[in-house]
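Line by line, the protein sequences are chains A and B. Using numbering that gives the first Met the number 0, read the first sequence as starting at 0 and increasing by one per residue. Using numbering that gives the first Met the number 0, read the second sequence as starting at 0 and increasing by one per residue.
One or more hints might be untrue.
Capping the alpha-carbon separation at 20 Å, the derived lysine to any residue pairs in SDA-like fashion look like this [as the list claims (entries may be wrong)]:
#1 B:K56 / A:R59
#2 B:K56 / A:Q46
#3 A:K90 / B:P381
#4 A:K58 / B:R542
#5 A:K90 / B:K56
#6 B:K179 / B:N619
#7 B:K56 / A:A64
Hint data in this document are derived by calculation from the structure and do not stem from the laboratory.
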Amino acid sequence: MPIEKSDLLQGTLDMLILKIVTLGPIHGYGISQRLRQISKEVLLVQQGSLYPALHRLEKRGWLAAEWGESENGRQAKFYKLSAKGKQQLRKEESNWNRLAGAVANILQTAQ
Amino acid sequence: MPFWKVPSRKSTRDPQYDSELRFHIEKLTDENIAAGMTREEAGRRAVLEFGGAEQIKEELRDVQRIPILETTLKNFRWALRFVRKSPSFSIVVILTMALGIGANSAVFSAIDAVLLRPLPYPEGDRLMELKQVNQKVQKPQTRLAPLRLEDWNRLNSTFAGITGYYTEDDSETSGPLPEKIEVAYVAPRFLQVFGVAPALGRGFSPSEEQSGGPNAVLISDRLWRRRFAADPNVLTMKLRFHESHWSIVGVMPPSFAFPDRDAEVWLPVAPDAPYAQHREWGWFIAIGRLKLGITQEQARANLETVQAQLGKQYPQTDADLTPGIVPLKETTIGGVRSSLWMLFGAVSLLLLIACTNIVALVLARGAQRQHEISVRLSLGAPRFIVICQLLTESFVLALAGALLGLVIAGGASGAFRSLAKDLPRVEEIHLDGRMLLYTLACSVLATLLCGLFPAIRGTRGNLSGALAQNNRSQVSGRAPLQWFLVGVQVALAVTLLGGAGLLVRSFQALGRVSPGFDPNNVLTFHITGSYGETADWKKLQSRIWRSLEELRSVPGVESAETSLFLPGVPNSWPSELTVAEGQTDPHRKIAVETRVVSPGYFAMMKIPILAGELCREDVNSVNVMVNRSFANAYFPATTPVGHHVLEPGNSFLPGGEIRGITGDARETGLDREPVPTVYWCLSAPDPDPYFLVRTKTDPSAMAGALRRKIKKIEPARSVFDIVPLEERLSDAFAENRLRTILLAFFAVAAVSLACIGLYGTLSYSVTVRRREVGLRLALGALQGQIVKQFLLQGLTATLLGCVAGWGLAAASGRVLSGMLYGVSPSDVATLSTVVLLMLLVAALAALVPAIRAARVDPMQVLREE
Numbered sequence: 000m001p002i003e004k005s006d007l008l009q010g011t012l013d014m015l016i017l018k019i020v021t022l023g024p025i026h027g028y029g030i031s032q033r034l035r036q037i038s039k040e041v042l043l044v045q046q047g048s049l050y051p052a053l054h055r056l057e058k059r060g061w062l063a064a065e066w067g068e069s070e071n072g073r074q075a076k077f078y079k080l081s082a083k084g085k086q087q088l089r090k091e092e093s094n095w096n097r098l099a100g101a102v103a104n105i106l107q108t109a110q
Numbered sequence: 000m001p002f003w004k005v006p007s008r009k010s011t012r013d014p015q016y017d018s019e020l021r022f023h024i025e026k027l028t029d030e031n032i033a034a035g036m037t038r039e040e041a042g043r044r045a046v047l048e049f050g051g052a053e054q055i056k057e058e059l060r061d062v063q064r065i066p067i068l069e070t071t072l073k074n075f076r077w078a079l080r081f082v083r084k085s086p087s088f089s090i091v092v093i094l095t096m097a098l099g100i101g102a103n104s105a106v107f108s109a110i111d112a113v114l115l116r117p118l119p120y121p122e123g124d125r126l127m128e129l130k131q132v133n134q135k136v137q138k139p140q141t142r143l144a145p146l147r148l149e150d151w152n153r154l155n156s157t158f159a160g161i162t163g164y165y166t167e168d169d170s171e172t173s174g175p176l177p178e179k180i181e182v183a184y185v186a187p188r189f190l191q192v193f194g195v196a197p198a199l200g201r202g203f204s205p206s207e208e209q210s211g212g213p214n215a216v217l218i219s220d221r222l223w224r225r226r227f228a229a230d231p232n233v234l235t236m237k238l239r240f241h242e243s244h245w246s247i248v249g250v251m252p253p254s255f256a257f258p259d260r261d262a263e264v265w266l267p268v269a270p271d272a273p274y275a276q277h278r279e280w281g282w283f284i285a286i287g288r289l290k291l292g293i294t295q296e297q298a299r300a301n302l303e304t305v306q307a308q309l310g311k312q313y314p315q316t317d318a319d320l321t322p323g324i325v326p327l328k329e330t331t332i333g334g335v336r337s338s339l340w341m342l343f344g345a346v347s348l349l350l351l352i353a354c355t356n357i358v359a360l361v362l363a364r365g366a367q368r369q370h371e372i373s374v375r376l377s378l379g380a381p382r383f384i385v386i387c388q389l390l391t392e393s394f395v396l397a398l399a400g401a402l403l404g405l406v407i408a409g410g411a412s413g414a415f416r417s418l419a420k421d422l423p424r425v426e427e428i429h430l431d432g433r434m435l436l437y438t439l440a441c442s443v444l445a446t447l448l449c450g451l452f453p454a455i456r457g458t459r460g461n462l463s464g465a466l467a468q469n470n471r472s473q474v475s476g477r478a479p480l481q482w483f484l485v486g487v488q489v490a491l492a493v494t495l496l497g498g499a500g501l502l503v504r505s506f507q508a509l510g511r512v513s514p515g516f517d518p519n520n521v522l523t524f525h526i527t528g529s530y531g532e533t534a535d536w537k538k539l540q541s542r543i544w545r546s547l548e549e550l551r552s553v554p555g556v557e558s559a560e561t562s563l564f565l566p567g568v569p570n571s572w573p574s575e576l577t578v579a580e581g582q583t584d585p586h587r588k589i590a591v592e593t594r595v596v597s598p599g600y601f602a603m604m605k606i607p608i609l610a611g612e613l614c615r616e617d618v619n620s621v622n623v624m625v626n627r628s629f630a631n632a633y634f635p636a637t638t639p640v641g642h643h644v645l646e647p648g649n650s651f652l653p654g655g656e657i658r659g660i661t662g663d664a665r666e667t668g669l670d671r672e673p674v675p676t677v678y679w680c681l682s683a684p685d686p687d688p689y690f691l692v693r694t695k696t697d698p699s700a701m702a703g704a705l706r707r708k709i710k711k712i713e714p715a716r717s718v719f720d721i722v723p724l725e726e727r728l729s730d731a732f733a734e735n736r737l738r739t740i741l742l743a744f745f746a747v748a749a750v751s752l753a754c755i756g757l758y759g760t761l762s763y764s765v766t767v768r769r770r771e772v773g774l775r776l777a778l779g780a781l782q783g784q785i786v787k788q789f790l791l792q793g794l795t796a797t798l799l800g801c802v803a804g805w806g807l808a809a810a811s812g813r814v815l816s817g818m819l820y821g822v823s824p825s826d827v828a829t830l831s832t833v834v835l836l837m838l839l840v841a842a843l844a845a846l847v848p849a850i851r852a853a854r855v856d857p858m859q860v861l862r863e864e
């Protein structure tokens, strides 16, 4: 069953976007495609959440954006990770792993 | 949609948003075409799939927008809730702020009105006071001759106009009783230069400003209301001065108070009058209005050229003269500038202490609120937002304090106006928009001072640590920062107290001074006279002799004399003399202070004659007396008695024989050492000398009898300005006294605040360490030890503050040095007394929480665990 935006933990979308952007400059459409593919269609992110998130991350300085030509020759806005964003991603990843580990632990011991 | 978002619906970034989103839709369309749809179908499906583009765009705009208003309102709501929830804390902070800001605003209102604002005339900053300067004589600045004033006005190119004035107290005799009135005699163009028009009637016409023209007079609003009950028909009425009638042609507006607030009548002086044709006479203080865009320096250069030209034309009278030019505002303000800035410094220190006090309070509370802040930060609130919210709390408190402070300032500036009646421009002090703005700025500054540091400190550090920490297991209560702040408050309070102490001590020293004369039981007053009388000196002299004789005959009067100046009331007439018989050292200038007195003055003031004999008043020649300082300075080997002194260039006092030597008296001011002085023995040096009467009993009680006596012999003259000499001496130091009182008041407020700070910090420390104290008591510690320990903690901070305060006080004593008498700015006795006093008061403040600590019940504390 696909997980909709409301079920995503707050802040998780940001982390996922940062992670995807590490692979190289990419536009919004590309990110939504990539999210769907990698999560094997589990995560469905609405554009209504994706674009505000992208702009928020850009404003915080974690993403850098510039206009460029897409593969089919049209103008598109490409996002890439900034140095600050890289740091943030590392922090969020380790937090996430700790939390996930803790939750997993609890679930296992509670069984 | 909240209303405040409406105006900025569209942003400049909209085209970018459009093309970014359009790109996404196009890609979706491509995808759909690849899946086999027709072009239109693919596009339609893509738009549907993408969702509401407009809504997304609005959200993107929101990302860029900082919802300032929304956040601010929310912060204010929170802050108000916070204030309500902790009333005692809020009240202490608000009162402290009110004291700090109120005192500051009050002094600022005085500084703004007196020093900062332009004079209350249209473009008052363009008005300059002009004098003539002769560097070759002892008193280089003199007044302008009417002829020279007209020359300057005609020949210059930098002034829109030059006018002048001098004042005289005159007797107005149109009413049932003669009334003394301060008359300002003005040169032509007076109203034009000031740019002020009469509120009623008109200014002087050209013919009224000429010799032989109709007599015309302008009166003040005050005189109009007092004498004519604000009768609009006043323009048909006349005033009477020395046997002639003067038609009232206009009434000045109430705001016009030039040359001073006592001036009630303005009379024109005709420059072409026969008696005004002497170039060496100094009558006028000239006032010029600069042309637009002309600087003071340009005007000076221009007047110098003009005067150089006059010097060639009239070498005898004009060659040595140069123009002096000072903004009129400077001469109006006079010497109060340094006093006002000193007070401003004092209230700024007070505000700083108040803020430090509040910082300590907020920090103590911050420790209690640490948990709340940590929770909010860990829930994802950005640190900046939390800091803003904490600052809003401080701002709400500061604003409340400022409002209360304004009430205090309003009362204070009222008190200031009545206390400092003699302060120039004091009537212009009031609460207005500028002061509101200043107060608001003060509260913003106070917010930043008080709030920023605790907010930054409170939101810093290890959050999970603070969250995990159990408050009860916390033992440390040392809080070095809070104790540092206590020290700072003590240091600043000691600085203020030190300053106040020095002023008080110098006031005491002034009271102990032996003036060299006896001011008790002496009544002083004026009898109106006019310069017209100087046309016949003999007549003037016999008039004054007669008055003195009559005054001496009044029962209860011991003696009656005249003097040009009052002894001990600051006033100076320096001059340079030569000795007719030749001097011991011909190159040494004989600089003296000039006094003109009637011969009986010395006996009356109990100034002893040390050598020679008392001078006599002779119709044909003038005698002089000199004081001991004069004899010691200029005749160290011989006696000056019998020598003749001359004052070159003074046609009025041509020279005289020294008849005797008197004791030294502090003639020029109680705070000034006696200087070499020459007394010219003349009862009638001018038509309006001071009359001095020594009475057998209380001098004030004699005023009525003396007035009646003069009324009987001189019905057309009025007796005015009747004040005992002792009161004049104390009035001479009124500004000094006001300064001392105010600084002492601020110092007491500062010490109180510092003690509240100490008390609060120590109480907090006791609260935090209750458990530790309880344990120690349970383990057998004595109550005395606990008290001693907390007392020492408080006193150590105080002592360190005192040491720093001593240094600060000694350093800032230099600010006071011009205001001190008989005590050095770094006087050890004063400063150590101040420090002792501070320690004593601090010990009292610290004792209460220390004793409370020792009364902790160990059992109860242990049960709380």
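Results for each hint:
1. B:K56 / A:R59: 19 Å, holds
2. B:K56 / A:Q46: Holds. K56 (chain B) to Q46 (chain A) sits at ~11 Å (cutoff 20 Å).
3. A:K90 / B:P381: At roughly 16 Å apart (the allowed maximum being 20 Å), P381 (chain B) and K90 (chain A) satisfy the hint.
4. A:K58 / B:R542: 94 Å, violated
5. A:K90 / B:K56: At roughly 30 Å apart (the allowed maximum being 20 Å), K56 (chain B) and K90 (chain A) break the hint.
6. B:K179 / B:N619: 33 Å, violated
7. B:K56 / A:A64: 17 Å, holds
Violated hints, in rising order: 4, 5, 6; the structure is consistent with all others.
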